[in-house]
Amino acid sequence: MKIAVCVKQVPDSWAEKKMVNGVLDRENVDAVLNDLDEYAVEEALRIAEAHGGNEEGGSNTVTVISMGPERATEAVRKALSMGANDAILVTDPKLAGADALATSAVLAAVIAQGGYELVICGTESTDARMSVVPAMLAERLGAAQLTFASKVTVDPTSSKVSITRVTEAGVDEMHGQFPVVVSVVEKINEPRYPSFKGIMAAKKKTIESKDLAAVGVSAEGAWSLVADATPRPPRAAGVKVTDDGSGGTQLVSFLAEKKLI
Amino acid sequence: MSNVLILADFVGSKATKTNAELATAGARIGEVTAVVLAPAGQGAAYAASLNRGPISKIVVVESDAFAANGVAAVADILAQIIAAQSPAAVLIASHAFGKEVAARTAVKCNSGIITDAVDVSADVTATQLVFGGSTTVHSKVSHGTPIITVRPNSIDADISDSAAAVETLALQVTDASKKATVTSSQPPVQGGRPELTEANIVVSGGRGTNGDFAAVEGFADSLGAAVGASRAATDAGWYPHSYQVGQTGKTVSPQLYVACGISGAIQHRAGMQTSKSIVVVNKDPEAPLFEIADFGVIGDLFAVLPQATEGVKAHKS
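Quick mapping for you: the protein sequence lines, in order, are chains C and R.
With the working numbering applied, the first sequence covers 1 to 261.
With the working numbering applied, the second sequence covers 1 to 317.
Just so you know, these hints were derived from the structure itself, not from any lab.
Idealized CB from N, CA, C, for every residue including glycine.
There could be a bad hint or two in this list.
To be verified - Partial pick of chain R residues on the chain C-facing surface, computed with a CB cut under 8 angstroms: (1) Lys99; (2) Ala106; (3) Lys140; (4) Val141; (5) Ser253; (6) Leu256; (7) Ile298; (8) Val312.
Unchecked claim - Pair by pair, the computed Cβ-Cβ distance ranges are: (9) R/Ala84 to C/Gln113: 32 to 38 angstroms; (10) R/Glu286 to C/Glu173: 43 to 49 angstroms; (11) C/Gly57 to R/Gln85: 55 to 61 angstroms; (12) R/Ser160 to C/Pro234: 35 to 41 angstroms; (13) R/Ser160 to C/Asp30: 48 to 54 angstroms; (14) C/Gly57 to R/Ala83: 47 to 53 angstroms; (15) C/Ala50 to R/Ala83: 40 to 46 angstroms; (16) R/Ser142 to C/Asn28: 52 to 58 angstroms; (17) C/Glu49 to R/Gln85: 48 to 54 angstroms; (18) C/Gly52 to R/Pro285: 54 to 60 angstroms.
With the hints as extra help, turn the sequences into a complete structure.
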């Protein structure tokens with residue numbers, strides 16, 4: 001199987017984020033591989049390992065696909081150190097400020113060029129948090145959309161992929177035929193830590209850099225524009241009492257006073 | 001007057017209260033047409049359950065593909081209706097399913113998309129709270145039909161009765177939208193409590209519960225509240241992951257959020273700090289969550305909550 005994993009480099013989710021000129025300031029924060037994409041890399045590796053492996057001579061390849069600035073190679077390298085075979089990074093100054101629609105157009109073009117049967121994503125990035133790119137990819141690729149998976153079963157012989165979809169609406173059993181786009185929720189697995197051997201091996205793996213012309217997509221920029229972004233005033237701390245045996249009663253008085261009960 | 005589409009939101013065959021919120025926002029922009037997508041033969045029943053909010057018209061499409069093929073089938077029909085009606089905006093509930101429908105619809109219609117809006121104004125400017133609620137952003141779609149998903153519970157809804165005219169449209173889901181097949185669907189196990197993201201009140205437990213959620217649940221039930229949990233509690237296996245509030249879980253913004261035994265890591269704050277009122281109960285006076293609490297009790301939740309539970313019951317009786 002040719003498996004693609006889409007990953008994104010994001011500002012460290014513990015870092016303070018700011019908007020500059022209507023877009024997220026990515027320059028001045030630590031950047032890491034999106035936490036939620038590690039589950040996607042792990043799942044891709046597990047699927048490959050269950051069906052003949054992705055080592056040299058194995059019957060599968062796991063390719064990491066990303067879009068971002070040059071420095072996104074760090075996040076891509078982490079995915080390679082976990083065990084992915086190679087990577088494609090689309091990087092182009094015209095893509096600065098690209099929205100989910102432009103991102104999905106670029107990723108879909110790369111996936112279509114590579115002819116991947118199985119595309120695996122995280123459910124969302126911890127910066128934009130839209131959760132829309134996997135569905136957009138399925139739409140653009142004409143692939144079966146199997147998203148929010150807490151379990152993925154692949155049968156390479158019959159090209160069938162089955163998942164358990166878990167959302168606030170409940171639990172669905174779903175399936176589709178290659179090509180499919182899967183997104184995985186974080187409880188699906190425990191991502192491996194890159195081993196020393198994996199880290200050393202990743203240094204020699206190929207990260208193919210492509211610009212927009214090579215991908216064959218024109219830069220769309222963003223179809224939604226930020227008019228203004230204002231930091232909200234910090235919440236002022238309110239009343240704090242120490243429980244002297246009447247803490248619960250005081251709490252109820254507060255709720256009654258605020259008409260919350 | 002311009003036309004605004006809302007994608008009617010259902011749990012099973014029952015319209016959710018989010019519909020009145022979507023309609024209220026939509027009515028600021030134009031006349032609201034609700035799109036009801038129902039299983040074959042059930043359009044009239046689905047439409048009849050959509051009876052609140054400023055809805056001028058209901059259009060119904062019946063197909064078993066909505067349940068059998070999920071997001072792709074819904075986006076297919078919604079895009080066909082958008083193409084026929086050229087609405088000024090399309091508003092959809094901002095949950096996993098709604099956001100995915102919006103995503104595919106935006107691609108099909110070559111339109112910009114905004115997700116997780118907490119408000120939408122008459123000129124179709126969306127308000128979002130980003131970075132865990134620390135920043136307010138106003139944005140507009142600059143290309144195509146604005147497709148905006150609106151977070152449940154964010155808009156004060158006009159819940160007056162609506163008596164919208166119902167029209168059935170004969171549209172077909174195309175085969176290209178039937179590539180994924182749903183073979184079974186189980187509703188979430190709820191235990192009679194409101195849905196976490198829709199609840200007016202949420203009571204959450206964290207590390208301080210030591211795995212015993214009885215006091216948290218008891219207090220929640222006295223308030224008619226949903227129960228949430230911190231990541232520490234769900235990671236420890238004390239409460240199901242689907243109840244996790246925080247950066248990697250649900251984002252909630254209820255009228256009242258009660259955090260019990262939760263210290264308040266950024267991870268947790270990101271999921272709850274837009275709540276209108278915040279109450280914190282924690283033994284540790286240094287717990288960071290006290291900084292954003294409207295009312296804090298430094299004390300043992302196993303003493304404070306049962307007393308508060310009795311107090312709420314007495315107040316209500």
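Status of the hints after comparison with the structure:
1. Residue-level restraint check for R/Lys99 holds (minimum Cβ-Cβ distance to chain C is 5 angstroms; threshold 8 angstroms).
2. Using the Cβ-Cβ criterion of 8 angstroms, the hint placing R/Ala106 at the interface with chain C is satisfied: the shortest such distance is roughly 6 angstroms.
3. Look at R/Lys140: its Cβ gets to within about 6 angstroms of chain C, closer than 8 angstroms, so that hint holds up.
4. Residue-level restraint check for R/Val141 holds (minimum Cβ-Cβ distance to chain C is 5 angstroms; threshold 8 angstroms).
5. Contact between R/Ser253 and chain C, as hinted, is not supported at the beta carbon level, the nearest pair being about 13 angstroms apart and thus beyond 8 angstroms.
6. Nearest Cβ of chain C to the Cβ of R/Leu256: about 5 angstroms, under the 8 angstroms cut. The hint holds.
7. About 5 angstroms separates the beta-carbon of R/Ile298 from the nearest beta-carbon of chain C, less than 8 angstroms, and the hint is met.
8. Interface restraint check: R/Val312 against chain C, minimum CB-CB distance 6 angstroms, threshold 8 angstroms, status holds.
9. The hinted range of 32 to 38 angstroms is satisfied by R/Ala84 and C/Gln113, whose Cβ atoms lie roughly 35 angstroms apart.
10. The beta-carbon spacing between R/Glu286 and C/Glu173, approximately 47 angstroms, falls within the hinted interval of 43 to 49 angstroms.
11. Judged by the Cβ atoms, the range 55 to 61 angstroms given for C/Gly57 and R/Gln85 holds: they are separated by roughly 56 angstroms.
12. At roughly 37 angstroms, the beta-carbon separation of R/Ser160 and C/Pro234 lies within the given 35 to 41 angstroms, and the hint holds.
13. In this structure the hint that R/Ser160 and C/Asp30 lie 48 to 54 angstroms apart at CB holds, the actual value being about 51 angstroms.
14. Taken as a hint, the range 47 to 53 angstroms holds for the pair C/Gly57 and R/Ala83, whose Cβ atoms sit roughly 50 angstroms apart.
15. For the pair C/Ala50 and R/Ala83, the supplied restraint of 40 to 46 angstroms holds, since their beta-carbon distance comes to about 43 angstroms.
16. For the hinted restraint 52 to 58 angstroms between R/Ser142 and C/Asn28, the CB-CB distance of approximately 27 angstroms leaves it violated.
17. Between C/Glu49 and R/Gln85 the beta carbon distance is about 50 angstroms. The supplied range of 48 to 54 angstroms therefore holds.
18. At about 58 angstroms, the CB distance of C/Gly52 to R/Pro285 agrees with the hint of 54 to 60 angstroms.
The structure is inconsistent with the numbered hints 5, 16, although it conforms to all the rest.
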